[in-house]
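Protein sequence lines, in the order shown, are assigned to chains R and C.
Residue numbers for the first sequence follow this note's numbering, beginning at 1 and rising by one.
Residue numbers for the second sequence follow this note's numbering, beginning at 538 and rising by one.
No lab work stands behind these hints, which were simulated from the structure alone.
Quantities reported herein were computed from a predicted structural model and do not represent experimental measurements.
Heads up, a few of these hints could be off.
[To be verified] Result set (DSSO-like, lysine-lysine): computed pairs, CA atoms no more than 30 Å apart in a straight line:
1) R:K484 x R:K494
2) R:K236 x R:K537
3) R:K132 x R:K291
4) R:K93 x R:K190
5) R:K132 x R:K484
6) R:K93 x R:K236
7) R:K236 x R:K289
8) R:K132 x R:K105
9) R:K537 x R:K484
10) R:K230 x C:K604
11) C:K660 x C:K743
12) R:K138 x C:K622
13) R:K217 x R:K105
14) R:K93 x R:K516
15) R:K93 x C:K622
16) R:K230 x R:K132
17) C:K622 x R:K217
18) C:K604 x R:K217
19) C:K622 x R:K236
20) C:K604 x C:K622
21) C:K622 x R:K230
22) C:K622 x R:K238
23) R:K192 x R:K236
24) R:K93 x R:K238
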Amino acid sequence: MVNKKKVMRIVLVILSLVLFLTACGKKDAEKDTEKDTDDTEQTDQGVIEDDPDEDDKVIEEPGDPQQGGSVIVGITQELDSLDPYLAAAAGTKEVIYNFFDGLVKLMPDGTFEPALAESFDFSDDATEFTFKIRTGVKFHNGDDLTLDDVVYSLERAAGMLPDSEAALIPQLAIIESVSADTEAGTVTVKLKESDADFITYMTLAIIPQDYTEQAQKPIGTGPFIFTEYKTQTHLKMKRNPDYWRDRTAYLDEVTFMIVPDADAAIMDLQEGNFDIFPYLTIDKAELLKDKYDFIAADSNMVQIWGLNNQRAPFDDPVVRKAINMAIDKQMLIDAVTFGEGRVLESGMAPPMQDYYNADLTSPYNPEEAKSMLEEAGYQDLKIEITVPGDYVIHVQTAEVLAEQLKQIGVTAEVKTVDWGTWLSDVYMGRNYDSTVIALTFDYVAPATVLRHYYSKSDNNFINFVSTEFDELYEAALSETDHAKRVELYHQMQKILQDDAASVFLQNPGTQTAVIKTLGGYTTYPQYVQDMYTVYFK
Amino acid sequence: MTRYLLKKAGQMLITLLLIVLIVFIMFELIPGSPARIMLGMNASQEQVAALESELGIHEPLPLKINKYFVGLLQGDLGHSIHFDKSVGELINEAAPVTFSLAMYAFVLIIVLSVPLALLAARKQGSFLDNSIRFVTETTLAIPPFFMAIILMLIFRTTQLGLSSGRGNLESLGFLRKFFMPALAIALSRVAMALEFLRDAIIEQKKLFYTRAAVGKGATKSRILFFHIFRNSLVPYVTALGLILAEVFGGSIIIEQVFLLPGLGRLLVTAVEARDFPLTQGIIILIATVVIIVNFLVDFINQFIDPRLRSSDMKSTKSNFWLKLSYKLKFRGDVE
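Here chain C stands alone, though its shape is the one from the complex (with noise of 0.2 Å):
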């Protein structure tokens, strides 16, 4: 178990390696400069150049890469230039938005798909079947942007209260206002995760415990619930995982739409300013979510199927399989 997790944390620390490196190079190709965007057009070019120096802009690539990662070390993710405050404090502001936003949108993808998988699944190819399918697969073909722009058109005209979301995550309010973007974005993603469910109690029931859960005289329901619905939860749980991350990814994008003061929103005036340090405090604060997502996912897979326990490397191997034939398909379903 210790390798394993020293493994999985090599990974992770890796792969951060690479995110923030990619996000240093991308800052070295695009034109602008932070300091002539802060200034202005009516600087002069000597007031720029002193910025830029105190910015260090003009430093060489590896000096500002080792710079930066002793800041990390430290947990100082720098000094936003556009805002003139520390990033640190200007990711707090706006996480939680972020944040709720994305768990919102989860509980809602989850509490619209397995009820809606469980109908799906009872009678393979029936009305209800096909009816649920087309829809949500009709919502799949829409995307969330899209989604959050006609759903602020239903929810003005017909004047539910459910208006933009801007104010506070305090109290009652916060459901209330949050609920069209996180509809918005858990919409799309409903499919996947139906779809998913709804092929693995498919599965499931062909094979022979359920026959056997049949002959000892289990009723329907407690059959569907109790043994069918428990072993579909591994491939489900999977692809949870990865419309997790997907989420955080599309309240990025809706954030922009119903213009709430989270991390989306930040990160995009971050590139619009070349602010460098932000831009990379808000990556790195992604990149680290969706990786610890996925690695929890492993870890809820496990306790759900003891059969994925095992031994140390085995179980990871196993695992890995398990999840990249998931994920195979999971892809060729959205496709």
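Next comes chain R alone, as it looks inside the complex (with noise of 0.2 Å):
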């Protein structure tokens, strides 16, 4: 008798389980949709208080900086070579950005400050620049910070070791010689050939001569210290307490948290695990107004749907120019980003200040898109758009662009391919129909957007020709007046928007989240998380 009691209990307990399962599941369904209507109630109304016209800013809350505090960001990628010349990926370098210091230094308005250089100067044509090097400055291995260090620093990223095959950074390859004088305390970098945005490229990290172990143990002389690395879970860095500056961070140390998936991060982000988040989208942002405050700013990304300009039907200009017209980019943006980007009409991005050709305009007019095409023949157009299925955000863009070609009479069938497959086979073999990706600047250079345009380059995968272009792009090299490059610049998006290369959607916008307690998060034209101005309130 006993016995039959207990195994009714434990049927019982099996049972209400499984009740409860399917209860559970139900009940979040439900909330799934709710969460879903009042997230468009709160795009349409734009409740997010932070104006995503007004570029890099720093919050401005009463209550002065605490010294101290320990801090969790949370990343959603792994890191890969933690060497600052060997990381590859941006999510690695917004992280190692801390340990280390550039001759000079980006600011959040898109100027270069010195650094590590006192002060800087270059010759007339661009091709001779002075750094006088900082004094008294420590590596965080105690070491001093010498001339050396700065010339072995520049040849390695250059590729002029003797072991070395070939640039690491590739901007750097045009350095011919860098030389040290001890007496003035300056080092000199002569390039091959001119170039005007070379100082740009001096926010390089600056590393101790002959340290091999960099991949591992990052030493720098930033304003945080390396402390521990555990693959796929975290990495720890710690005040640097002889920082040059003259005040070193606020925060005694910062954990950089890793979890590969945004949604995941969200709900740590509801538990209050992180404190600061830097991939929010902006739908997400209701369900945590209440811990953070979110902090828009520009992405460095310019989103294009790039077209094969050598495989039909793109090889015919008037299909490229049918296809710009058809696009409402305005309505991709509501859809794909949630209205937190802007509207793009040129090659490159507002982020890339007075550079960026804000004049142009294409109209959105499908009708004469349909007529266009009508005219020159071609009927029941059928193509292909490869995306890499790793990015969310190009995938959802490639169905909306297909989507709306369908009023156009143009068949758009979206292929997803994984990110390796993609590199091999779009960007380097070109064999592709059209393809949505973000091309992506790492320094406030124009040549790097710009360069996948210009028909010499490796990096032209959309089979761009155009020699005007070319001429432009070789003459904005070397041109060292700002005013005239910013025209030659401008000259070129024009080009681009005229031959209509491609269709240019949108700068999609980033929003950070970060906990009310914190002040001083501070955004860049540069794709960093700097945690040298973050404080306790």
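The task is to assemble the complex, starting from two chains supplied on their own in separate frames and drawing on the hints.
Structure follows, in structure tokens:
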């Protein structure tokens, strides 16, 4: 008898568990739909306080910066090499930024300020750059920063050391020689050809000479010292007490916690596990507004719908122009980035400051697009859009594009491939019809983006050929007068648009969630998480 | 015995060799250059070419294979391309997570399946038997990753503090933090293990020695535990061996859902980055574990059932057939 009772109890427990399972599933489904409707309302009303048109700003809150405290930053990517010259992922660079200083520092407003160089000077033809190196600066291992370290850093990055085959930082491949003048305390860099953008590359991390463990234990002169890295888990750093600037960092310790999934990160944010999370999409902000402030900033991305200019039907400018007219970019932005992006009319983006040609416009006119295609004899056009499936934003964009193309009678098929395949087949192999991708710029150097249209470049994956563009591109590289350079870049962007090289879609915005007790979070035109300025209020 | 061991070891080596070769061929076939993936879109072709030659990507396949085996024989699994760290070190960091998770799930499977099987087998076809089997077979029908998502939702809404399994392996926190992922892996396999043990018990019950024991006046539970249960263990342990191998596979998938820093996540990153040495290293490790588990199952069975011990060759053979028949039956159950 006793046994039977026990048995019945077990059965009841199991049955109730099953009921519980189904009940909970339902509740969650309901909850999700509720959440969705809330979100749309949210974006419509634009409750987020930050004005997306205002660049790079600091949260200004009353409350003096407190010294001390530790902060956890959530990041969604696995890190690659911690060596500043070998790190390729933007997600790694933004973290290790805190360990290093460059000869110059990029400021929030896009200007450059001397850093490890006290001052710098360059020749009129932009082939010779001289840096006066700061004294009394110490590396994290206690060694003094010397001219030799600077020379070593530049030579290593430029691939000039005896055992290296190519430049580790491609932009530095144009360095002819680096020499130090011990008496004057200067380092002089000579270039093979003019490059007026060169100073922007001098944010390059300066590292101690012949230290071989950068990839595991990075050492620099920066405001934070590396303490621990556990693959797939976290990276920790502590305050550098001997920092050379007039003050050290405010925070004692910063942990970058790796959560490879943005949705899971939202859970962590709801639980208050992160103090800072840099990759928020605006639709999630509503869930978090009690605990977090949101800081909007520009991204360093130029999202384009790349058309393979060598392949039918995109080899015909008429098709490219018609397609340009058929895309409602604002609608696309509303759908994909919840309105947090800016419509682009050129191959550059507003964060490129005055290099961006803001005067260009392209009309949205699907009727005319349709008749243009008909006149040119295109009927039932079928095209393929190949997108890297790892990037949800590009996949969704391609789907919206395909939907919009239906109006002009074009059938677009979206094909997703993994990132590695995309790089080898689309980007290098150039074997595709069209693709959606973001061109990124590491430095505020206009050539990084426009190199993708220069016909002699490996990076010209859309196969764009324009001798006029090429001439302007080459001229701009050697032009040192800022106003003239700006003019040249504006002309290049006009050519790209007149020839409808591709469809320039948007400059997506980014949102960073910062817990309300923190202040000082600063955004830059470069993709970095600067922990030096962050403090507890 | 020595002969048997040598033979087993030989089989293991050949299997491993084949696995290594398959991964090599796979990497030759799939598109994507690790150098390009690492350096990104903005890198120049020269830069990519330089890195490729440094990594030896364009070397002929036989040379690559040769190099790899030379390294392997010296215990060197190579250097990860993506993480710029030695493969051994990376695996050392990630393996404890996967292994603990798999072991946790495995313990849960045993803890859940043994009592349930004993209950179910008490009276074949009874209401209790049917309900236990109905519930466990329902869980069998739910794929583990889906189960994981369901569990996550349940535990999140009920606020039991069993949130995502991120965190350290240290301390008691482990049991709490890994409970959900372990349960997600375990639940679908409980049905398999249970069915196996239940069938074996029912079969044993029909045998004469059971009747003899009853005749001797032994109590029901004494017969069940000391006679029938022990004799039912051989097929159960064999099944557990297969399940353990599957649990490793399962934990690799579940790690993705719960974002645990184990081998599974490492493997996905490695394949995405076309990080050949790391992929190869992880696969070798997993394959070795599975092979060793299977090997151990043979041994444990011989320990439980002395009849399987007898002479070397014969035992291997009969054991093999025994195992195969169980395997077939087992598969049949799954389908």
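Status of each hint after checking the structure:
For the proposed pair R:K484 and R:K494, the alpha carbon gap of about 15 Å is at most 30 Å, so the pair holds. Using a Cα cut-off of 30 Å, the hinted pair R:K236 and R:K537 holds, with the two alpha carbons roughly 22 Å apart. The suggested pairing of R:K132 with R:K291 is violated, with an alpha-carbon distance near 45 Å, which exceeds 30 Å. The hinted pair formed by R:K93 and R:K190 meets the criterion: a straight-line CA distance of about 27 Å does not exceed 30 Å.
As the CA atoms of R:K132 and R:K484 are separated by approximately 28 Å, the hinted pair is consistent with the 30 Å bound. Annotation: proposed proximity of R:K93 to R:K236 holds, straight-line Cα distance about 15 Å (limit 30 Å). A C-alpha spacing of about 27 Å is found between R:K236 and R:K289, which places the hinted pair at or below 30 Å, so the restraint holds. Restraint check: the Cα-Cα separation between R:K132 and R:K105 comes to about 14 Å, which is no more than 30 Å; the hinted pair holds.
For the hint linking R:K537 to R:K484, the alpha-carbon distance of about 45 Å lies beyond 30 Å, and the restraint is violated. With a CA separation close to 29 Å, the supplied pair R:K230 and C:K604 stays within the 30 Å bound. Among the hinted pairs, C:K660 with C:K743 is consistent with the structure: their alpha-carbon atoms are about 12 Å apart, no more than 30 Å. Restraint check for R:K138 and C:K622: the C-alpha separation of about 27 Å stays at or below 30 Å, so the hint holds.
For the hint linking R:K217 to R:K105, the alpha-carbon distance of about 23 Å falls within 30 Å, and the restraint holds. Only pairs whose Cα atoms come within 30 Å are accepted, and R:K93 paired with R:K516 is accepted, the gap being roughly 26 Å. Taking the CA atoms of R:K93 and C:K622, the gap is about 17 Å. The hint holds against a cut of 30 Å. For the proposed pair R:K230 and R:K132, the alpha carbon gap of about 38 Å is over 30 Å, so the pair is violated.
With a C-alpha separation of about 11 Å, the suggested pair C:K622 and R:K217 falls inside the 30 Å cut-off, and the hint holds. Simply put, C:K604 and R:K217 have alpha-carbon atoms about 28 Å apart, close enough for the 30 Å limit, and the pair holds. Among the hinted pairs, C:K622 with R:K236 is consistent with the structure: their alpha-carbon atoms are about 17 Å apart, no more than 30 Å. Under the criterion of a C-alpha separation no larger than 30 Å, the hint pairing C:K604 with C:K622 is consistent with the structure, at around 19 Å.
Note on C:K622 and R:K230: the hinted pairing holds, with a Cα-Cα distance of about 11 Å set against a maximum of 30 Å. Annotation: proposed proximity of C:K622 to R:K238 holds, straight-line Cα distance about 22 Å (limit 30 Å). With a C-alpha separation of about 40 Å, the suggested pairing of R:K192 with R:K236 is violated against the 30 Å cut-off. A threshold of 30 Å between alpha carbons decides the hint, and for R:K93 with R:K238 the separation of about 17 Å falls inside it, so the pair holds.
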